Amino acid sequence: MSKLGRVVEAVENYNRFVLKEVKRARSEKKFGQQMIDRWNEVKAKTPIGTAPTGLKLPRLALPEIDEAGEITRYLLGEGLPGEFPYTNGAYREMYLEPLREPEVGSFVKAGQNGKNGHRKNRKKAPALEKTKQTEEPTRLFSGFGLAEDTNKRFHYLTGHQRSARLSTAFDGPTLYGIDSDADGVFGKIGEGGLAIDTYEDMVRLYDGFDMGAPDFSASMTISGPAPIIMAMYIAAAKKRFGPKVVPNLRGTIQADIFKEVQAQNETIFPTEASLRFLCDMIEYTTREMPRWYPVSISGYHIGEAGATPVQQAAYTVSNGFAYAEMLAARGIPVDQFAPRLSFFLDCGLDVEYIALARASRRIWAIGMRDVFGAGPKGQMFKLHTQTSGRSLVAAEFKNNLTRTAAELMLAYMNGTNSCHSNSADEPFTTPSEEWIRLAAHGQAILLDESGIFKHTMNMLTGSPGMKAVERAVEAAMLEEFRQIEELGGVLPAIEHRYQRSQIQTAAHRYEEQIYNGTRPIIALNKYNDRKDEMPEVKMVRTPRAKKQLQVDRLAKFKKRNAAKAERALNELTEVVESGKNFFPMLIETVEVCSLGQITGRLQEVVGRFRPMV
Amino acid sequence: MPSPVRILTAVPICDGHDSAINTINLDFIRHGIEVVYLGYHRSVEDIVRTAIQEDVGAVGISSYNGGHVEFFSEVARALRKQGADDIKLFGGGGGTITEADATVMRRNGVDKIFFAGTALTEMADFVRQHYGNTHRRRRKATPDMKLARALTEIEDRYAKNKRAGKPAKKKAKSLGKTRVIGFTGPGGAGKTTLIDELVLRLLRRAPQARIAILSHDPSVVGAGALLGDRATMINSQNDRVFMRSMATRGQAGGLSPATGECLALLARSDFDYVILETVGTGQEAMPFQNELVQKRVLVMNPDYGSRLQLQKIVMLDLADLVVVNKSDQSRARAAVSEIEQRLEQNKREQKLLSTVAKRHRDAGVDQLCDWVMD
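Listed in order, the protein sequences are those of chains A and B. This note's numbering applies: residue 1 is where the first sequence begins, and numbers increase by one. This note's numbering applies: residue 1 is where the second sequence begins, and numbers increase by one.
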């Protein structure tokens, strides 16, 4: 049995345990009284906050129960926010505004003052930095053109925020580990993301940001060549701030090989070699960079490729357990790596999304505690959510604002720890400034302007409907786990193309439902009487001259380092062939070699990925 | 009956968005179209070479992460440059391709862009109506183009009249330097991967050699076929490899009615190695009746069931080489010893090899290459 089979058993055992404890609370007077006392204590200790209207509200809402059995079912079965099994949230206070009187004028108008506003705001309200809620959950995915273009966008996006939380999108050649001067990729340079060829591009990308600061974090969405890009990030930080910055680096790199093979197809080395490189990187970063998240186990792309929500969550969480199993097998202590695993889910409009993250958090916590022996930090399912790009359509595209708003609501009801909201123009283009601004404002309206999430935890959880969905989703996820287990576990199932073919079947059904109308999409297959032209939106494209500039820069870098590059690549080859951890050597290699040079050499050593159909 | 419409589909370089094209391919097949699928992350060069070798009526490209104006235009330019612009170019990219883009692309030689919201059936109907009979006589045809067209003519003849031609009888010894090797075995044994790894080694070890591959996939009953071997054969997309994907078009046994004649044509063309791959076959199959096939390889999966099953596999008597692929599986050692005993009954020289084709630089595949070159 792989560890996944044992997770299924652990969840079933835990569910039985909860039922047993409920009965015990009802029959054993002493135990029952203990639970009631705990409940009363929690309620008594819950602080009271004040809404701007003057209404007093407890900062944690709890069900109105006073019977020992029901109290036990709540405390053990779903847990308070920030308590095992974390169904209601990985942390205690999440989006709540700090407990104090609202500060007049502390909010600088979004975007208007740009960078300066950011600085000014921080000086004015130093108290904010001390509270838990210093950082907004907002993290907007961005990347286009060359490094300096994206850098400018980063400053624009974070200008009005308290913290700089960046999320980086790379162009096609970078995602495939190819240089901008490779044959036939010229048109792709800087499209759909930014171009990175060398660590010098990385220096330009985060220019003006203090990479070692406690309120700076960068997320990088790349998997196939992730270790090389991670090494470039470290090399860039060292160049700007010296070697002492390394332990302070904070952020996330996606590096999720499983989901690439299952759904997104951006893989460049054979699966086993990719996993080995990944584990090398995780081993290094969890030791040397304790604040970095070296893998973001992602369901987003599985969802976008067409999986049902249950498939998405089941494959993602099972991939997470498979990584944990691999890392544990390498001898890395569970409490070194488990707290550094994080997750990324899609949020669309299907009913499952009402409780998808809740069910995932619960299964992860039980599995990590009872199968892997992880401590509390390793049991928490730390989640980034993105609203569904697939749910957006070109026809009457302004409706996409409504779709995204509804999805945001679901994501925050599910207690996501960070969130990206899509721009309405995304069906046609990399988001333009106008629409990305509205997307960011959507989150601010929900979290800052509205009172829905900022006064009370559990504001919208625990309805009978939500619980019904949660139970159904959990059962369906466990059933998926059993099927994967029957195929021998996650990796053998991948080799059987199990997840891929399941996703493709679901995608096909989804398309058919749109075409036959059983899945209504407003303005596309329902109320689509208005036959307008393609909407006029400003397309974001990278001009030819910029593309050429990137190619020229790369040529200069290669020429300058020509002598050193070959030697560095040979040394890297030796380390890879020796089986030792190649990551420290990689950090040195990127100082003189480009992304494509390193990818090319590694492919000679370990082979190329063979696509699955 | 005329031949089915044959097209090529692919996703451009640095683009892994294959969800749309997978759905579209399935729909094309249901509408009777034969689709050669090259896969995602494919270069202009690979697409143009494939279009010519497979002699398709049109190329369909599905692009989702930008750069489409340049990419489509480059494909059109390359086809034109080769004198093969009778092969039409079409495609789509959901909302990423605007009207303005499409205008530029059409000016650069793209025949048709489908915009977001186009019904699948509409696309399939368009392809059947417009790309069935596009072939024109080419003024400056390269040898590969002539060969590709000759193969099409053979297939067309068989499509019109099943008994049209007789496979040209040609004695094996008169083939000269050409070696013809046949690969067969059950579906999922890893034939395609094994052949691709073999090709990689042949290209390296015989730097001048040219290789032809005749690969088969089943036709869906009464409909088209998905010819998808190229998508996983990353090493065989090379100017020194001529590959042709054939649909079985209703014939059982692992090959197409036109295979014999096509194979004969390839064998007398200028190739050092001609590799024939059948579809996944059953126990009773014996596809290599053609005497042109000099070496017969049976590729097996260690997971064939009980030992008794081995007695029923006809190819175990006929194969010159049996390869147990996926020999990293736990069942593999037992399988090798059971097959060894089974082969001993035949009392003739048959070779047995263990391979893990998916493993980089697998020693078993090296041995296979030695045997093929020997």
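Worth flagging that the hints you see were computed from the coordinates, not collected in a lab. Quick caveat: nothing in here was measured; it's all calculated off a predicted structure. For glycine and all other residues, C-beta sits at the position ideal for the given N, C-alpha and C. Treat the hints with care, since some could be wrong.
As the list claims (entries may be wrong) - Ranges between beta-carbon positions, derived for each pair:
| # | chain 1 | residue 1 | chain 2 | residue 2 | range |
| --- | --- | --- | --- | --- | --- |
| 1 | B | 129 | A | 562 | 29 to 39 Å |
| 2 | B | 361 | A | 584 | 46 to 56 Å |
| 3 | A | 548 | B | 104 | 33 to 43 Å |
| 4 | A | 560 | B | 205 | 36 to 46 Å |
| 5 | B | 142 | A | 604 | 58 to 68 Å |
| 6 | B | 207 | A | 556 | 28 to 38 Å |
| 7 | A | 53 | B | 103 | 29 to 39 Å |
| 8 | A | 351 | B | 134 | 44 to 54 Å |
| 9 | A | 588 | B | 30 | 48 to 58 Å |
| 10 | B | 187 | A | 38 | 37 to 47 Å |
Hint-by-hint comparison with the structure:
no.	hint	result
1	B:129 / A:562: 29 to 39 Å	55 Å, violated
2	B:361 / A:584: 46 to 56 Å	25 Å, violated
3	A:548 / B:104: 33 to 43 Å	19 Å, violated
4	A:560 / B:205: 36 to 46 Å	37 Å, holds
5	B:142 / A:604: 58 to 68 Å	31 Å, violated
6	B:207 / A:556: 28 to 38 Å	34 Å, holds
7	A:53 / B:103: 29 to 39 Å	56 Å, violated
8	A:351 / B:134: 44 to 54 Å	47 Å, holds
9	A:588 / B:30: 48 to 58 Å	54 Å, holds
10	B:187 / A:38: 37 to 47 Å	60 Å, violated
Hints 1, 2, 3, 5, 7, 10 from the list above are not met by this structure, while the remaining hints are.
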